[in-house]
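Those protein sequence lines, which keep their order, are chains A and B.
Per this note's numbering, residue 1 is the first one in the first sequence, and the count goes up by one each step.
Per this note's numbering, residue 1 is the first one in the second sequence, and the count goes up by one each step.
Read the hints as simulated data drawn from the structure, not as lab findings.
Covered stretches of chain B, going by a simulated chain A footprint (3 or more residues, C-beta under 8 Å):
1. 74-88
2. 103-117
3. 138-150
4. 170-182
5. 187-196
6. 211-222
All C-beta atoms, glycine included, are put in the ideal place defined by N, C-alpha and C.
There are 2 protein chains.
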Amino acid sequence: MDEPGPALEVTTRTSLRRKRERGHHDRAVIHAILDEGLVCHVGFSAEGTTTVLPFAYGRLGDTLYLHGAAANHMLRVLADGGAASITVTLVDGIVLARSAFHHSMNYRSVVLFGTAHRVEDPDEKRRALDAIVDHVTPGRSADARPPTTNEMRSTTVIGFPIEEGSAKIRTGGPIDDDEDLDLAIWAGQIPLVLAPGRPVPDEGLASSVSVPDYVAGYRRPGSPPAAVPPGREPVAGPGG
Amino acid sequence: MDEPGPALEVTTRTSLRRKRERGHHDRAVIHAILDEGLVCHVGFSAEGTTTVLPFAYGRLGDTLYLHGAAANHMLRVLADGGAASITVTLVDGIVLARSAFHHSMNYRSVVLFGTAHRVEDPDEKRRALDAIVDHVTPGRSADARPPTTNEMRSTTVIGFPIEEGSAKIRTGGPIDDDEDLDLAIWAGQIPLVLAPGRPVPDEGLASSVSVPDYVAGYRRPGSPPAAVPPGREPVAGPGG
Numbered sequence: 001m002d003e004p005g006p007a008l009e010v011t012t013r014t015s016l017r018r019k020r021e022r023g024h025h026d027r028a029v030i031h032a033i034l035d036e037g038l039v040c041h042v043g044f045s046a047e048g049t050t051t052v053l054p055f056a057y058g059r060l061g062d063t064l065y066l067h068g069a070a071a072n073h074m075l076r077v078l079a080d081g082g083a084a085s086i087t088v089t090l091v092d093g094i095v096l097a098r099s100a101f102h103h104s105m106n107y108r109s110v111v112l113f114g115t116a117h118r119v120e121d122p123d124e125k126r127r128a129l130d131a132i133v134d135h136v137t138p139g140r141s142a143d144a145r146p147p148t149t150n151e152m153r154s155t156t157v158i159g160f161p162i163e164e165g166s167a168k169i170r171t172g173g174p175i176d177d178d179e180d181l182d183l184a185i186w187a188g189q190i191p192l193v194l195a196p197g198r199p200v201p202d203e204g205l206a207s208s209v210s211v212p213d214y215v216a217g218y219r220r221p222g223s224p225p226a227a228v229p230p231g232r233e234p235v236a237g238p239g240g
Numbered sequence: 001m002d003e004p005g006p007a008l009e010v011t012t013r014t015s016l017r018r019k020r021e022r023g024h025h026d027r028a029v030i031h032a033i034l035d036e037g038l039v040c041h042v043g044f045s046a047e048g049t050t051t052v053l054p055f056a057y058g059r060l061g062d063t064l065y066l067h068g069a070a071a072n073h074m075l076r077v078l079a080d081g082g083a084a085s086i087t088v089t090l091v092d093g094i095v096l097a098r099s100a101f102h103h104s105m106n107y108r109s110v111v112l113f114g115t116a117h118r119v120e121d122p123d124e125k126r127r128a129l130d131a132i133v134d135h136v137t138p139g140r141s142a143d144a145r146p147p148t149t150n151e152m153r154s155t156t157v158i159g160f161p162i163e164e165g166s167a168k169i170r171t172g173g174p175i176d177d178d179e180d181l182d183l184a185i186w187a188g189q190i191p192l193v194l195a196p197g198r199p200v201p202d203e204g205l206a207s208s209v210s211v212p213d214y215v216a217g218y219r220r221p222g223s224p225p226a227a228v229p230p231g232r233e234p235v236a237g238p239g240g
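One chain only, chain A, in its complex shape (with noise of 0.2 Å):
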């Protein structure tokens, strides 16, 4: 399932109008960056109006699931067919140039198109639940206590294409003119990471309750483990 098919076909609303060198349809590529993002942003129109909100997903293939409660008015739109467009963004750094001009950001985002559809069966239900928690804890489904008939029954999923977008990909330092690369300015980049701090257990969990590997060595998809105990608290190094 997860050897990814032949490159997204380019269409007018997916072909890089300007800056083409970073744009992607390969499939590998896009998946990557799904599965590395925590949250994406869909966009929907309904009464005139058009709305951007974040949201949990997971993927499972080529389809990307989203989720909540059956009253969820987003869902509710795409379920009935409507239109959306789910972008995941993933800032990697900041890139300082000479020139304020050039300056810029690392990044890794994908946009997608399509229509979503309700999904019904039972038992793909449940795997895109499952998907969902998993993309947001890799390996969590399995330690959970599992979904009721009436937790199943009061949450909508959704199902949208992964098969109309891009990736777009931004890496390495300021490109700045060549008539300011003498000038006395530091210009470089500033690496950022989403983070994971020291997990906090939750009021009143017993004692025996060990912390899951997962929890402990959290870290996402495709990103190098910290080299430091995660937590923002001063930590002993090698030497320490």
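Based on these hints, arrange chain B on the given structure of chain A.
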């Protein structure tokens, strides 16, 4: 200018339909989220398609500014009076409940609705560009080589009113059903923060150019300073 005015008026599209306790219309709350965020997601509709794109931005008072090449499709649509929704989301952590159903995330988000205007006045345009540079890297605009007349001309800047919108905030641990509290399943939070790594100087930067404080001590406004030196490499702690 940064003394926030009265709360935003609640409109049909900014009144929360569910979980109202998470909603906020106070300007100070909204400004703080916008100031800490790095990237906004802009949704707009044109030629029958809704599109969501990530953009850097800056804020001055009650206006959000975006910029880009004059040829940028989205900026042209917005500059020509197209309505948009602009959303900023800060992911603060993952919330693991004992039940899959009650898994959640801690986040702060702002969703805005409105119509942009093209910034024509050269003084406002220059202040807006400085605000964007300083939003991404506080303090940077005073150091960078300022934009030339040609660079200003090839840049489109749009202003977007912070007038209609709301913030949504979730904090705290999981909220499990009473009957699940005794399950031997780890529950709690994994905090997440967008953390800066060690700055990477541009190739060819003269070694006499020292790293500015705002680079060495980079952090998002509102976020606490890192207690450990930035960087993903192992670091020695106070005892190391």
